[in-house]
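These are the residues of each chain, in order.
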Amino acid sequence: MSTTAVPEVAVTTVDEGFWTRARKTGAVLLALGLLATGLFGALATGEQARFTLSETEGGAALEINGTVGAILFGIIAAAAGAALLAGLPKRWFTLVLGVGLVAFVLSFLCWQVSAAPEGRNFMPLVNIVRGTFILALPLIFGSLAGVLCERSGVVNVAIEGQLLMGAFSGALFGSITGSVWVGLVAAAIGGAFISLLLAVFAIRYLVDQVVMGIVLNLLAVGVTGFLYERLMQTDAQKYNSAPRFSNWEIPLLKDIPLIGPALFRGNIFLYLGLLLVLVIHIALFRTRWGLRTRSVGEHPTAADTLGVKVLRLRYRNVLMAGLVAGVGGASYTLALYSFTKNMIGGKGFIALAALIFGRWSPTGALLAALFFGFADQLATYLGAIGSSIPSQFLAMLPYLATILAVAGLVGRVRAPAADGKPYIKG
Amino acid sequence: MSKPNPVSGSPDKEPATEAQEARSEARATPSAPAADTERAVPATATKQPAAEGPRPTLGRLFLDNLWAANTVTVTVLAVLLAMLVGAVLIIVSDPEVLATYSYITARPADALNASWTVVSEAYANLFKGAIFDPDAVGFTAAMGPISETLTYTAPLVFTGLAVALAFRGGLFNIGAQGQATIGVILSAVAGFALPLPPGVHLLVALIAGALGGALWGFVPGILKARTGAHEVINTIMLNYVAVYFLSWIIIQAGVQNPNRSDAISKPVDSSAQLPRLLGDNLRVHAGILVAVLATWFIAWLLNRSTLGFELRAVGENPDAARTAGISVTKTYVLVMVISGLLAGLGGSNMVLGSTANALTPLVIAQIGFDGILVALLGRVKPWGVLLAALLFGALQAGGNRMQSYSGISLELVTVLQALIVIFIAAPALVKAIFQLRAARAARLQTSLAKGW
Chain A
1 MSTTAVPEVA VTTVDEGFWT RARKTGAVLL ALGLLATGLF GALATGEQAR FTLSETEGGA
61 ALEINGTVGA ILFGIIAAAA GAALLAGLPK RWFTLVLGVG LVAFVLSFLC WQVSAAPEGR
121 NFMPLVNIVR GTFILALPLI FGSLAGVLCE RSGVVNVAIE GQLLMGAFSG ALFGSITGSV
181 WVGLVAAAIG GAFISLLLAV FAIRYLVDQV VMGIVLNLLA VGVTGFLYER LMQTDAQKYN
241 SAPRFSNWEI PLLKDIPLIG PALFRGNIFL YLGLLLVLVI HIALFRTRWG LRTRSVGEHP
301 TAADTLGVKV LRLRYRNVLM AGLVAGVGGA SYTLALYSFT KNMIGGKGFI ALAALIFGRW
361 SPTGALLAAL FFGFADQLAT YLGAIGSSIP SQFLAMLPYL ATILAVAGLV GRVRAPAADG
421 KPYIKG
Chain B
427 MSKPNPVSGS PDKEPATEAQ EARSEARATP SAPAADTERA VPATATKQPA AEGPRPTLGR
487 LFLDNLWAAN TVTVTVLAVL LAMLVGAVLI IVSDPEVLAT YSYITARPAD ALNASWTVVS
547 EAYANLFKGA IFDPDAVGFT AAMGPISETL TYTAPLVFTG LAVALAFRGG LFNIGAQGQA
607 TIGVILSAVA GFALPLPPGV HLLVALIAGA LGGALWGFVP GILKARTGAH EVINTIMLNY
667 VAVYFLSWII IQAGVQNPNR SDAISKPVDS SAQLPRLLGD NLRVHAGILV AVLATWFIAW
727 LLNRSTLGFE LRAVGENPDA ARTAGISVTK TYVLVMVISG LLAGLGGSNM VLGSTANALT
787 PLVIAQIGFD GILVALLGRV KPWGVLLAAL LFGALQAGGN RMQSYSGISL ELVTVLQALI
847 VIFIAAPALV KAIFQLRAAR AARLQTSLAK GW
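Listed in order, the protein sequences are those of chains A and B. Position 319 of the first sequence, counted from 1, bears residue number 319 in my numbering, the numbering being contiguous throughout. Position 69 of the second sequence, counted from 1, bears residue number 495 in my numbering, the numbering being contiguous throughout.
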């Protein structure tokens, strides 16, 4: 991020004097905590706020009086903010910030759940956790595709197009052959096709990578929309009735309370997504390939001097990104829905946001994707309990959070140094 | 075209490697349906190589220039290539035509005839819907296609200018979509909520839209200037914030149409609507005039004003501009504000013109994203943007007819537009496919890349 910053003003964001970034963050958190204590506490009712550990109202539950909970968690958030403001050692920063934010969310939930109408004033945590993961899945695949591309220095704005093409070819070939596995492979190849175009034009023809990404998104929308209307709409039975992966229950793990039913009774994509995060994380930071990828993304000239084939590595990584995103697209059409026009609907851009929010690391991207998934799930839940908060504003949350992150208000994010710069061997 | 001091023969020598690639790529492209795409190309794009100059040397020079990689040639060839790919898509998505290919070795004529019929009919309808229908009788019918084309062109000029202006200032404004969204909201609200006399009302509604867009452009501008936050990321995010804001405000009391249960706002008063130019039966409205005016103004601003000079200086090299005493931060903010203002006006066009007269979730369609394509196709020059918007407007208008007469999905137009811009963005590719000479004068910019 800082590479294109205007130096004359970028200096002002360097931590200086009393108002370090930690202190500023602390002040914001303190204000949020006080707001939660006062406002949420006042608006919450004396009803019990029930957080059930199941999918329904019944079963074991965590209960707290609404007003008490809202005020209590608000105070915790405010305390965390005050601690940061007082100048806590740096190593505590992330932990305290996390505690503060979680407390703020809990305070908010105590208000919302206790204020919900009778019979709906409970929150089924299993549903929430499962929904969070399901909604986060395309984001996880998409942001991993972003990590693979951008760590090697190719900006990937085409995630949306890769997901869409994956979803489409998964549905099309899955339907024609009647096999989920063929569909899965076809989806990966579909995503890789968009990647191939991105790679060729960005690496071979030196087209601006952001421009190319935007145009490829439109191309994917156009091509899939066109073929959808021509083929799938005219003969849905033949072209748009892909078989679906069934849920796989993992023995033993599925019986863990809360996490078991939410996570270990999912479909292949859930396991694949989490596995990929782990694999890419290890590969990126522990293997030779990872070291080379990162060096190509940071300083291609130096990498080239040491004998790394910069362009070949970039081609390979961009194609791999396409495969990953293509599978992410299939997590829609081979598990949940049949294909519809433009069905990704901006998820690719949230994945891009998750990538940036997660600071270009696989685990960071996972956490960001889960956060965005949670915001999405929360919007659905609040809609269902008839909350007074408009769901549209909750839906804005991921985007606003990303703007704050990029502007350096929550923490510095920095892209790989050579991200987006074509490499010309000289 | 003709230049003094002619260098006869090939002006520039190609490196050997590039010529080699050119051959291999030329072989890879199928050339069968090239003839039928030729027919449907808009009339503005036709240039006959057979044109004879008064003297052989001049004619030769003309031919040399024609087959060089200059802006016009590359654009025409890019359109041709895109239509070629479009033709392939039409063929492979038509099961009946595809069936004839199963016995192509036995009776190749069947496959070729069927392909020719379906493709030529589609593109003929594209032409008839965009420019002129020879069968049309009467003024309204004859002017219909042009009227439709201009109606679709007007908003694209504004968003195209918005993106192009930001490009010249070194910023990539992907947020034209969001800025147009905020513009359309404010324009519509001013259009139905304020009781004002005609004329004044229209002006106020337009200004409201422009201000809304300017505000939405100001945010990424100030963030870029103050914190260095990349405008690409912020404008993408603000696009979605704007979309959700639109979907929220439509259903608020006082905005939503009280007679409707779905998400649609009250209609804009007739006093705030842009007047129609050719009678009530034709949709073309004064928005296109405002668009031409805006193009002229932006051309003046860029090339003749102090601000334009500073803007271009910052775009070319911010460090040098700062050394020369230009405030880079101020310029960034101003560029984004003016850019947003233009995009906001584009949004106004969507609700004050004849396209719609009330807010719906999809009221501005894709004009912001199309604006990016228009700006690139117009080589980020104001008058180029106007021409590019005209081409895109024509494709849109023709696409409607193609959909209703030939049953070819309107999405094909999106494909064509994206492909045209892909080929434009990589002139080296077009050059290689057609083995064009390197142009002497025209410098084709391939890369604007600056990274995040």
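Because the hints were derived from the structure by calculation, they are not lab data. Keep in mind it's a predicted model, so treat the numbers as computed, not measured. All residues carry an ideal CB built from backbone N, CA and C; glycine is no exception. Don't take every hint at face value.
Just a few of them, taken from the derived set where beta-carbon distance is under 7 Å, the chain A residues facing chain B [to be verified]:
| id | residue |
| --- | --- |
| 1 | 19 |
| 2 | 229 |
| 3 | 230 |
| 4 | 390 |
| 5 | 395 |
| 6 | 397 |
| 7 | 407 |
Label-pair ranges, simulated between beta-carbon atoms [claimed, not checked]:
| id | chain 1 | residue 1 | chain 2 | residue 2 | range |
| --- | --- | --- | --- | --- | --- |
| 8 | B | 735 | A | 290 | 53 to 59 Å |
| 9 | B | 746 | A | 42 | 38 to 44 Å |
| 10 | A | 43 | B | 705 | 53 to 59 Å |
| 11 | A | 57 | B | 786 | 55 to 61 Å |
| 12 | A | 90 | B | 751 | 35 to 41 Å |
| 13 | A | 393 | B | 622 | 27 to 33 Å |
| 14 | B | 751 | A | 20 | 48 to 54 Å |
| 15 | B | 753 | A | 286 | 43 to 49 Å |
| 16 | A | 307 | B | 527 | 46 to 52 Å |
| 17 | A | 388 | B | 685 | 51 to 57 Å |
| 18 | B | 791 | A | 233 | 18 to 24 Å |
| 19 | B | 568 | A | 425 | 36 to 42 Å |
| 20 | A | 94 | B | 732 | 45 to 51 Å |
Simulated coverage check for chain B against chain A, where a stretch passes if three residues somewhere in it have a Cβ under 8 Å from a Cβ of chain A [stated by the list, open to error]:
| id | segment |
| --- | --- |
| 21 | 536 to 548 |
| 22 | 649 to 657 |
| 23 | 796 to 810 |
Quiz item: Should the hint that residue 43 (chain A) and residue 705 (chain B) are 53 to 59 Å apart at their CB atoms be regarded as holding?
Solution: Check passed, 57 Å falls within 53 to 59 Å.
Quiz item: Holds or violated: residue 19 (chain A) as interface residue toward chain B, Cβ cutoff 7 Å?
Solution: 15 Å, violated
Quiz prompt | Whether chain A covers the segment 649 to 657 of chain B (at least 3 residues having a Cβ closer than 8 Å to its Cβ atoms) | solution = Coverage by chain A holds here, the residue count being 8 at a Cβ distance below 8 Å.
Practice problem: With 55 to 61 Å as the target window, see if residue 57 (chain A) and residue 786 (chain B) comply at their CB atoms. | Solution: 38 Å, violated
Quiz item: Given residue 395 (chain A) as an interface hint, is the shortest Cβ-Cβ distance to chain B below 7 Å?
Solution: 5 Å, holds
Quiz prompt | Pairwise beta carbon distance, residue 751 (chain B) to residue 20 (chain A), judged against the given window 48 to 54 Å | solution = 33 Å, violated
Exercise. Go ahead and decide if the range 46 to 52 Å is satisfied by the Cβ distance of residue 307 (chain A) to residue 527 (chain B).
Key: 48 Å, holds
Quiz prompt | Distance restraint evaluation - residue 735 (chain B), residue 290 (chain A), Cβ atoms, bounds 53 to 59 Å | solution = Once the Cβ atoms are compared, 47 Å apart, the range 53 to 59 Å for residue 290 (chain A) and residue 735 (chain B) is violated.
Quiz item: Falls inside 45 to 51 Å, the C-beta gap from residue 94 (chain A) to residue 732 (chain B)?
Solution: Since the Cβ atoms of residue 94 (chain A) and residue 732 (chain B) sit about 48 Å apart, the hinted range of 45 to 51 Å holds.
Quiz item: At the C-beta level, are residue 753 (chain B) and residue 286 (chain A) separated by a distance inside 43 to 49 Å?
Solution: 47 Å, holds
Practice problem: Can you let me know if the beta-carbon spacing of residue 388 (chain A) and residue 685 (chain B) is within 51 to 57 Å? | Solution: 26 Å, violated
Quiz item: According to a criterion of three or more residues whose C-beta lies within less than 8 Å of a C-beta of chain A, is the segment 796 to 810 of chain B covered?
Solution: The restraint on the segment 796 to 810 of chain B holds, since 3 of its residues have a Cβ under 8 Å from chain A and three suffice.
Taken one by one, the earlier hints fail for this structure at numbers 1, 6, 8, 9, 11, 14, 17, 19 and 21, listed in ascending order.
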